[in-house]
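> These protein sequence lines are chains A and B, in that order.
First residue of the first sequence? That's 6 in the numbering used here, and the numbers climb one at a time after it.
First residue of the second sequence? That's 80 in the numbering used here, and the numbers climb one at a time after it.
Just to be clear, a hint being listed does not mean it is correct.
Heads up, simulated DSSO-like pairs for lysine-lysine below, C-alpha to C-alpha not over 30 angstroms straight-line [said to hold, decoys possible]:
#1 A:K87 - B:K264
#2 A:K87 - B:K177
#3 A:K41 - A:K87
#4 B:K264 - B:K87
#5 A:K41 - B:K177
#6 B:K264 - A:K41
#7 B:K266 - A:K87
#8 B:K177 - B:K264
#9 B:K266 - A:K41
No wet-lab data here; the hints were simulated from the structure.
All figures in this text were calculated on a predicted structure; none of them were measured in a lab.
The residues making up each chain are set out below.
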Amino acid sequence: MNVWLILIAAGLLTYIIRLSFILTYNYFTMPGWLQKALRFVPPAVLSAIILPEVFMMDGDLAFTLSNERIFAALASVLVAWKFRSVVLTVVTGMVVLYLARYLL
Amino acid sequence: MSQTGRTKEFITGMQDEMPILFGVIPFGMIYGALALDAGLSPVEAQSMSWIIFGGSAQFISTQLFEVGAPGFVIIFTAAVVNLRHALYSASVAPYLQKLSSRWKFILAYLLTDEAYAVAINRYYREHDPVCCSQYYFLGAGLLLWTSWQLSTLAGILLGTVVPESLSLDFSLALIFIALMIPLLKDKPSLASAISAGITALFTFSLPYKLGLILAAMVGVIVGMILESRT
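Looking at chain B on its own, in the form it has when it is part of the complex (with noise of 0.2 angstroms):
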């Protein structure tokens, strides 16, 4: 394992990340500016954005603070609304199974929408990956967890300098098509994609982003109906 192929790796998986912040760095100032107008300060904000490290987590719990909800309705809020990393921590785990522990545990930490959506992209280029392909994980991870913090920070001190009419949050859903693209590779994938799309449309409403879990579960069902009959 050439000390190259790892820095290679981790700045290939921080470039690939990149674009990813148009749409992080604006959402992290929100958030910041918003923390504070829920009460928490500016040290109880900040700190949460690298306790929980999840935008939508973040968000609902500093909505519940605001409205002064007991703690065990914002831990269960929270918890929940994450429970989609499951399903992440699910898929990328056969290709960390090589590694030591403290990668894993390090990985974990890193497990979010943005970082996943990129780390599985690598994976599934690569099947068999030929070495390090963990540094790229860690960069793309670590550049996305710096820029959440330092964007946090932004809104804690600047407020949203960002004008929403940019609508740079969009920018997000751009780069998820940009990596969902890529992986509709046979008839199983792609309608396994559209049927949880369509699902999520019609679950939007419920609490707590079940409705992406929900749709998820009747993507992958739909995947696996017509992968075994083919």
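Extracted from the complex, chain A is given alone in its bound form (with noise of 0.2 angstroms):
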């Protein structure tokens, strides 16, 4: 198949997919349960994409003192737990994360 119809396919179908909600809102009531369902998304999908990022490592578990994201991953929890600032979290996560390299 050519590239560009598999691209462009591709890509509809990923519009498609962001647009459903967005475009179909106002056109049926949403249940209740789904509205509050609905908080829940956005710290269940960040943490989904968090968890994995800090504790695998090629694809394996990693609970380990080797594996110096954990200890980035906390010492941003607390920082932004405490500050509030992603700036903040980011950088004391790096350092940290650069830092137990370097020392462990």
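Put the two chains together into one complex; each comes in its own frame, and the hints tell you how they fit.
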């Protein structure tokens, strides 16, 4: 199949998925339970993205001291909780990541 | 709706999106370089970045192009990898309902993981958006879009110049931490995050990022059960 056809079809499907609820929201009433459920989408999705980034190394779970990402993540959770600053959280996490890598 | 309110929202959206670029730019460069290695032409490689506009789907499609997978397999795979965006779509839909269709078409195009994570924080902070929060979303989304196009181009032209040992990709996880923590205001949302995260670890080997969708659903269900009990 032509590369362009593949790209356009994949792009269109992606766009339809992104547009789905945004465009149709006004045309049906979302049941109450679903509206309540939506509140949990952001924390659930973000956590589901974060934890594998921290704990998976080369496709395996790595709950070990040699996994410096764990220390970086813990430090950034503390900073995020205490200071509510994205920049400070990222900087702290990266500094801890590099430090742990050279110290451990 | 004052002009200044719109401009301010737009600029704030861009500012809040900015830290994400540390993770996104190397990612875009790696994509650009890999796409050429996989045999795509520079124009095709660049075009995928605005036609699909989604890092994970682009990486997987690139791999599939390289091994000569049939077209329908590539299309199907890219779509399934991007299915998680339906969750984001549902999640932002209530906040966009009063906007014109034109706004909806534009913001839907910009609805990626990285823009969603930033924009939904804005909507949660401000329960009854004063005015123009769509400009915030637009600012965040456009900055991300532009960076993604330019970093793809840089990867195509220069290859990857950012050493992998810097682990800049990890900065994305850290930003998501910073964006998630303020959302954990009560026990149900905390339980929702924890259960989703643990599920994601155990479903990580599922293909097409389906583990992520499954994990999000477990998190949502756990949150709802806890909420109904209190």
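> Does each hint hold? Answer for all of them.
How the hints compare with the structure:
| no. | hint | result |
| --- | --- | --- |
| 1 | A:K87 - B:K264 | 13 angstroms, holds |
| 2 | A:K87 - B:K177 | 35 angstroms, violated |
| 3 | A:K41 - A:K87 | 28 angstroms, holds |
| 4 | B:K264 - B:K87 | 27 angstroms, holds |
| 5 | A:K41 - B:K177 | 20 angstroms, holds |
| 6 | B:K264 - A:K41 | 15 angstroms, holds |
| 7 | B:K266 - A:K87 | 18 angstroms, holds |
| 8 | B:K177 - B:K264 | 27 angstroms, holds |
| 9 | B:K266 - A:K41 | 15 angstroms, holds |
When the structure is compared with the earlier hints, a violation turns up for hint 2 alone.
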